[in-house]
Amino acid sequence: MNCYLCDQGMSTQVSWRSIFFNELQEVVCLRCRAGFEPAVPGCPICSAPGEGKCADCCEWETTEYAGLIDAGKSLYRYNTAMKEYLHQYKFLKDIVLSQVFAADLREALYKQQTMIVPIPMNGNKLKERTFPQVDRLLDSAALPYTHLLEKKEIGLGGKSKSDRMALQDIFWWNGHPVPEKVLLFDDLYTTGSTMRLAAQVLKDQGVKEIKILSLIRA
Amino acid sequence: MKEIEEFLTGRMWLRNFTPFPKEQLDDAILTGKVRVSPGIIDGKQCARCLEKSSQKIVPFFCAACQSVCHYCRHCIKMGRISSCTELITWAFPSTITPQSHSFFWNGSLTPMQERASQEVQQSLSQDKDHLVYAVCGAGKTELLFPAIYGALKKGLRVCIAAPRTDVVLELSPRLRAVFPSTTIHSLYGNSPEQSGFAPLVIATTHQLYRFKDAFDVMIVDEVDAFPYSYDPALRRAVSKAKKEMAPIIYVSATPSNQLLKQVPNSSQLFRRFHGFPLPVPQFRSLWGYEKDFSKGKIPAKLIDWVDDKINKEQPFLVFFPTIELIEKAIGLFKQRHPAIEAVHSKDADRKEKVMKLRQGQIPGVLTSTILERGITIPNVQVAVVGADQPIFDAAALIQISGRSGRAVDYPSGEVVFFHNGIVWQMDKAIKLIRSYNKGARG
Ligand SMILES: [Zn+2]
Ligand SMILES: [Zn+2]
Ligand SMILES: [Zn+2]
Ligand SMILES: [Zn+2]
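Taken in sequence, the protein lines are chains A and B.
For the record, in the first sequence the residue sitting at position 147 is 1085 according to the numbering used here, with numbers rising by one throughout.
For the record, in the second sequence the residue sitting at position 111 is 117 according to the numbering used here, with numbers rising by one throughout.
Certain hints may be false.
[Claimed, not checked] List of simulated lysine-lysine pairs, DSS-like, C-alpha gap at most 30 Å: (1) B:246 - A:1021; (2) B:28 - A:1028; (3) B:39 - A:1028; (4) B:62 - A:1028; (5) A:1065 - B:334; (6) A:1028 - B:83; (7) B:62 - B:218; (8) B:249 - B:83; (9) A:1065 - B:134; (10) B:28 - A:1090; (11) B:359 - A:1021; (12) B:62 - B:246; (13) A:1031 - B:340; (14) A:1065 - B:28; (15) B:134 - A:1021; (16) B:28 - A:1089; (17) A:1031 - B:318; (18) A:1031 - B:334; (19) A:1065 - B:39; (20) B:8 - B:58; (21) B:28 - A:1063; (22) B:28 - A:1031; (23) B:58 - A:1031; (24) B:83 - B:134; (25) B:50 - A:1065; (26) A:1089 - A:1063; (27) A:1028 - B:357; (28) A:1063 - B:334; (29) A:1065 - A:1021; (30) B:58 - B:218; (31) B:39 - A:1021; (32) B:134 - B:246; (33) B:362 - A:1021; (34) A:1021 - B:249; (35) B:83 - A:1063; (36) A:1031 - B:437; (37) B:58 - A:1028; (38) B:83 - A:1031; (39) A:1021 - B:218; (40) B:50 - A:1028.
Treat the hints as calculated values from the structure; they're not laboratory data.
In this text, all values refer to a predicted model and were calculated from it rather than measured experimentally.
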């Protein structure tokens, strides 16, 4: 087959991936794979580089969102290869690319006992994109997940103070019973506000412990 | 409505990506002036690029149409096409008033170019395909000018398709200078938006996906050049973009036997336009060059060659078979000569680097096969590292040799094939170059 990213022919690659998870087929060539930069352990919440909690996460601890997230990590850094990947996956809507990180996600989550809850998309966005990109990443990794949240029809990005206040209601609980522990999953961690707004809603519903996992730390 | 007609005549466009107000377009569709068709035919074939392999036409559950949709991965970079994507095209016969054209060219054709030019025009007048079998630097573009002008004057729409953006970028200013009053569109990946109806379109072969039944004359440049020769989808794109009976003029330095058989009308042109023969490549062994690079060492013979060019202040190109090898080599070369640059197909600064080389701001460039055609740098000296590698077939090697010695002031350039053992494609390239040069004299 050809590499999903560069379309060059690939010989069948035997790597730790195919031995460890032989049900997941490698879909990108070694060269393209090497372009992605794994996040090394850093911030215990978002994997930003450096010792201990990063400046962003420390800042959150001074707000009303303090203590919402117990632990977390990201798997990759946002570099040029990742930017191109996200462009092709989300903007060009090349759905098969949900398989590119299937093995990584599977390795990170398959032992997970807690319920995996993806960050949802709103209906308009979903119609426009034609597929739920966060759910598809989990589907490709054959990981079970449950939706507990719904998202309002407006996007982030409001500038005025009242707009930002309105953001607090961007997610709401969908009525599905909540467990004690939850793992929130999103594709891209940028400022951390999405995760915290979602975590807030779940804590309000009685979730005791929230961990987060993002594919990419921007 | 005039803008819509001008834009959509002969085109196949994504309904959701037009530059027109929605109401205007909806109205044009309601009145039947614009036809809407599905992006994927029967879940099997892309209506734009005609791809139909099951690896590229992929099913998914579509949240937009709430059913299983298929999308095309082959042409996805041009905006994704899926079963529920609508393609639009101008449905009525064109009412666009023909432009008046002027022809502004004070060059002259050699008797050999003149004859070929006449032959092309004769084939066109009979709606027959024609092959211009011309070695690089033979002035093949110039000899097409009269035929293009003739077609434009008759109100015909002409397309020049080339395999790569570099070639489109080089041809465009030349044609704009020659046909100053003609609307000319230059289309390549991420080209700027160009308004109006263009009777003359210069496009990469990929951009032809966006046309259907559009052209009365189709000129396909470098027809057997990579990637065209390997991609049947592009071949299909050519026949889809032109009107059914429209003749094709193929231009090639290395036509395949199949093409020679398929197109009986042809003109051969072996004399380079400045009348000098093509430089005959020299073979030089470079045993174990890959190992050397892996060990962080530039092979001695290659250093000598590059140092020599730098001492003589001759610009140079060194071709490499893989991007990996370029990446290994460029660091080592930069240690010796920091100004040397490397380019490859994914390099966004490619254009600037080539411009710098042309202007003498940098001594030389290491490159992948991306630069093998469409590049004119006066007095450029050429080396191929790993000329025995399969990516350098005879056609590619001839094209590369043709980079050298293209300007009248510096008709002869050095071409060296560094190799790890001579392969028959190298022999074939030399044999063909010798035969071209013989033709040039005879
Ligand atoms: Zn690849
Ligand atoms: Zn952090
Ligand atoms: Zn297609
Ligand atoms: Zn659909």
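Here's how the hints hold up against the structure:
no.: 1; hint: B:246 - A:1021; verdict: violated (34 Å)
no.: 2; hint: B:28 - A:1028; verdict: holds (25 Å)
no.: 3; hint: B:39 - A:1028; verdict: violated (34 Å)
no.: 4; hint: B:62 - A:1028; verdict: holds (18 Å)
no.: 5; hint: A:1065 - B:334; verdict: violated (46 Å)
no.: 6; hint: A:1028 - B:83; verdict: holds (12 Å)
no.: 7; hint: B:62 - B:218; verdict: holds (21 Å)
no.: 8; hint: B:249 - B:83; verdict: holds (25 Å)
no.: 9; hint: A:1065 - B:134; verdict: violated (49 Å)
no.: 10; hint: B:28 - A:1090; verdict: holds (26 Å)
no.: 11; hint: B:359 - A:1021; verdict: holds (24 Å)
no.: 12; hint: B:62 - B:246; verdict: holds (19 Å)
no.: 13; hint: A:1031 - B:340; verdict: violated (40 Å)
no.: 14; hint: A:1065 - B:28; verdict: holds (19 Å)
no.: 15; hint: B:134 - A:1021; verdict: violated (48 Å)
no.: 16; hint: B:28 - A:1089; verdict: holds (28 Å)
no.: 17; hint: A:1031 - B:318; verdict: violated (52 Å)
no.: 18; hint: A:1031 - B:334; verdict: violated (34 Å)
no.: 19; hint: A:1065 - B:39; verdict: holds (28 Å)
no.: 20; hint: B:8 - B:58; verdict: violated (35 Å)
no.: 21; hint: B:28 - A:1063; verdict: holds (20 Å)
no.: 22; hint: B:28 - A:1031; verdict: holds (23 Å)
no.: 23; hint: B:58 - A:1031; verdict: holds (19 Å)
no.: 24; hint: B:83 - B:134; verdict: violated (34 Å)
no.: 25; hint: B:50 - A:1065; verdict: holds (23 Å)
no.: 26; hint: A:1089 - A:1063; verdict: holds (10 Å)
no.: 27; hint: A:1028 - B:357; verdict: holds (29 Å)
no.: 28; hint: A:1063 - B:334; verdict: violated (44 Å)
no.: 29; hint: A:1065 - A:1021; verdict: holds (23 Å)
no.: 30; hint: B:58 - B:218; verdict: holds (18 Å)
no.: 31; hint: B:39 - A:1021; verdict: violated (40 Å)
no.: 32; hint: B:134 - B:246; verdict: holds (17 Å)
no.: 33; hint: B:362 - A:1021; verdict: holds (29 Å)
no.: 34; hint: A:1021 - B:249; verdict: violated (40 Å)
no.: 35; hint: B:83 - A:1063; verdict: holds (21 Å)
no.: 36; hint: A:1031 - B:437; verdict: violated (49 Å)
no.: 37; hint: B:58 - A:1028; verdict: holds (24 Å)
no.: 38; hint: B:83 - A:1031; verdict: holds (10 Å)
no.: 39; hint: A:1021 - B:218; verdict: violated (34 Å)
no.: 40; hint: B:50 - A:1028; verdict: holds (24 Å)
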